[in-house]
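Chemist: Here is how the chains run, residue by residue.
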Amino acid sequence: MKILVVEDDPSVRTLVKAVLEHNDNTVITAETAKDGQALATGEKFEMIVLDLGLPDGDGYEVCKYIRDEGVVTPVLILSGEQETDVKVKCLKVGADDYLTKPFNTEELLARMEAIQRRTESSGDQTLICGEINVHLLKRECTVKDNKLQLTNNEFNLLVYFIKNKNRIITQEELAEKVWDIHFDTQTNYINVYISYLRKKIREYTETDYIETIRKKGFTFRCN
Amino acid sequence: MKEVLVSGKASFKIEVPYKLYETGQKGTKPLIVYLHGFNQNIDRFEKIVNPLTELNAYHLFIQAPYPLYDTTRSKQVEDWGRSWYLYDGEQQQFVKSMELSSEFIQEIIDGLLPNIEVTRLCLFGYSMGGYLAGYFMLSRWKHVNDAIIIGARIKTEVFSDRLHEAKHINVLALHGAEDESVFPEPQKKEIEKLKKEDYNAQFKLIKAQHNLSQPFIAESVLWLKENGY
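Protein sequence lines, in the order shown, are assigned to chains C and G.
Just so it is clear: in the first sequence, position 66 is 66 by the numbering used here, and no numbers are missing.
Just so it is clear: in the second sequence, position 140 is 1140 by the numbering used here, and no numbers are missing.
Chain G with its partners taken away, still in its complex shape (with noise of 0.2 Å):
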């Protein structure tokens, strides 16, 4: 006989790296926030977007929770690529897992807030990254001021509502006009849809692939300067 007496879920703890820094003078200034894309870490993805922190900004890097083995074994675990969210395709848990990614960052930013003197809060978010941001600030709209979102679609139908809420985030999307991972046209059309609900929202198409290559880090550099940064 074989009796299932109890089953159930239970948390287990993992320690994720996040490095705040700041640039600049001291004192009060806006806080970005940068999301990794898939199978990146915190230091490959800080030396690629290197130019960002030159902004008179805090800057906060979060690494993903999930480990990708590297089956190789030719790194060390530090090195191993990471992953925000567990996706299978299901909708419904792809939500879920990026509501607990979301909460965890919440939770890093939380802990900040009480100990610098930030004005404005910007989402950078490069791939799978970019679509935890769109969730982020969708879900948590009160901390959101302007969000970057790189190669991927902001899923507005989560939140299809409660859009209006949102509009005072200034949204920049830009995609790779050759991207095959990512196609652009269902994030230019979620774009649009924002525009229809009021958002400053802008959807542009550079010369690239999905790679995060240096033409997306310089329009992001030149957006955040027109927006205050």
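If we strip away everything but chain C, and leave its shape as in the complex, we get (with noise of 0.2 Å):
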């Protein structure tokens, strides 16, 4: 893991890094605010562990700075401070987590590893197929670029699509798993919601994704 550690006291600098680098990370250090928002913004961590008492700004201001240049890496703030208001005002900022000083290495590095745990299971989940990407956790969808209004279903029904991408997908199947239900052969709501999702899909593209298998089901073609 790349990480930015940015604190100005020497000797939690030098063993902050020390630690890391030791657990197989590589680690770039800053020790102005200044240079701590140049660093987070410049380049892409995957980690940031930032000093709330910097010589020329808090970081509160540096958390708050990167936060609205849009930098989503998970920023883990260190402090001496022990109460709980000011951890409340480093989440208003964007912090991920806080770790008060003095700590045990072992503490620190188990913060960060939930901290990378959290990010990881509902960070950057996107499925990208042909012109359509699907971000699962913001449940949104766009074809080339432009956004489509999907039901619930309908979502549900295209993320299934894509992860069974280019095999026969059977309607039985898709009522046990896009709907949990048994399939219905009097009822035609699974044609229903393809058809939705088709002409929605075709309404920025020309490309046919959805391809239908007479008599045997349906097959999603991501090339």
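Keep in mind that the hints were calculated from the coordinates and are not lab data.
Note that the structure is predicted; figures quoted are calculated from it, not measured.
Among these hints, one or two may not hold up.
Stated by the list, open to error - Derived pair list, reagent style EDC-like, types lysine to aspartate or glutamate, alpha-carbon separation capped at 20 Å: (1) G:K1009 - C:E83; (2) G:K1167 - C:E176; (3) C:K44 - C:D68; (4) G:K1096 - C:E69; (5) G:K1225 - C:E176; (6) G:K1142 - C:E69; (7) G:K1029 - G:E1054; (8) C:K34 - C:D56.
Two chains, two separate frames, one set of hints: put the complex together.
Modeler: In structure tokens form, the structure reads like this:
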């Protein structure tokens, strides 16, 4: 993991750097708010460890600045302040977690691991199929950068299709996996939803992603 | 002469129970975290929300930390109701107390996640637990995908500058039309505010009072199924 450590106290900076490097991370350090902001917005990091008390500003300002600049990298704040108010203030400016100094290095690593896991499980969950882009977390879908307005069922159907692309999917399978019900041959609601979805996608592209395989089901083509 | 030499605060540790269930087929699935109301406890709440545990998911029940002393001495300690936070009407204290409880919930979730494969996380909060769910979802938005908040208000004012960050969260707010403990109108306004921030948020009035009755549970099951649970 590439980590930015913004800390003015040389002893803490050296310790954090050594611990993180010992655990197979690449560490870049900054000593001031100004340098920290420049690095955080100019380079891509997977984690930022940020001290609250910096010589030319405070960690709140740095965190707020980088969030306002659109940087979503997880931020762990370090501070000597133990008050819950301080932690609330950190969360309000966009930090992910807060660790009180002095801390033991195992606690630091455990917190970072937990933040990382959270970010991985909820972070950049994007499915891409040709011109279609689906963001699972935001439940948003775009075709050639045009946002589709999908209902929940249409969204779930599209996600299932993309996750099972290029193979035949039966109506029974869709009923069970997308709607969680048994398929009833007397109704055609699956066909209806597929036609809605097909129509919405075709508004922005010539490509027909959903292919009907007669008497078998459907295939979502992603090449 | 009386002189204060030192004053401060120190933590006192109490043990608070939680239970994690798995229902349906083994493997990767969503996690639903249940936060009960004031003067309820983990066992009572589990019984009330039982239909939700039929969904294919992990179900995490956490008991609130602060015990409510039973002055009648008619109940065993484990049957006492519990509270999630300390509230005296003072807003700063309120937020501080919700933060402490959120840290505690986060610690439990963080401890479980290495051992289970979770696809999404839903908060289910009722009344006092609903206020807390609203705070948790906005303060720890990377954790949360869906939230069901019943008979409470999401305190959006605490994170008013950063509401946009949590807009991926699907929110269902259910409220009793005849609720006289927590009036529905303020929550309706909060949901409108979230919608303006592009949230997929719904406010539904249920023909009920404040009590967590079965129509609330039925609506929640339906909504979760629509959202892929």
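Chemist: Each of the hints needs a verdict: does it hold here or not?
Modeler: A quick look at each hint next to the structure:
1. A C-alpha spacing of about 10 Å is found between G:K1009 and C:E83, which places the hinted pair at or below 20 Å, so the restraint holds.
2. At most 20 Å may separate the alpha-carbon atoms for a hinted pair to count; G:K1167 and C:E176 exceed this at roughly 29 Å.
3. Pair hint C:K44 plus C:D68 holds up; C-alpha atoms about 16 Å apart against a cutoff of 20 Å.
4. With a CA separation close to 28 Å, the supplied pair G:K1096 and C:E69 exceeds the 20 Å bound.
5. The straight-line distance between the Cα atoms of G:K1225 and C:E176 is roughly 12 Å, inside the 20 Å bound, and the hint therefore holds.
6. A threshold of 20 Å between alpha carbons decides the hint, and for G:K1142 with C:E69 the separation of about 18 Å falls inside it, so the pair holds.
7. Of the supplied pair hints, the one linking G:K1029 and G:E1054 holds, its CA atoms being roughly 13 Å apart against a limit of 20 Å.
8. Taking the CA atoms of C:K34 and C:D56, the gap is about 7 Å. The hint holds against a cut of 20 Å.
In summary, the structure is inconsistent with hints 2, 4 from the numbered list given earlier, while agreeing with the others.
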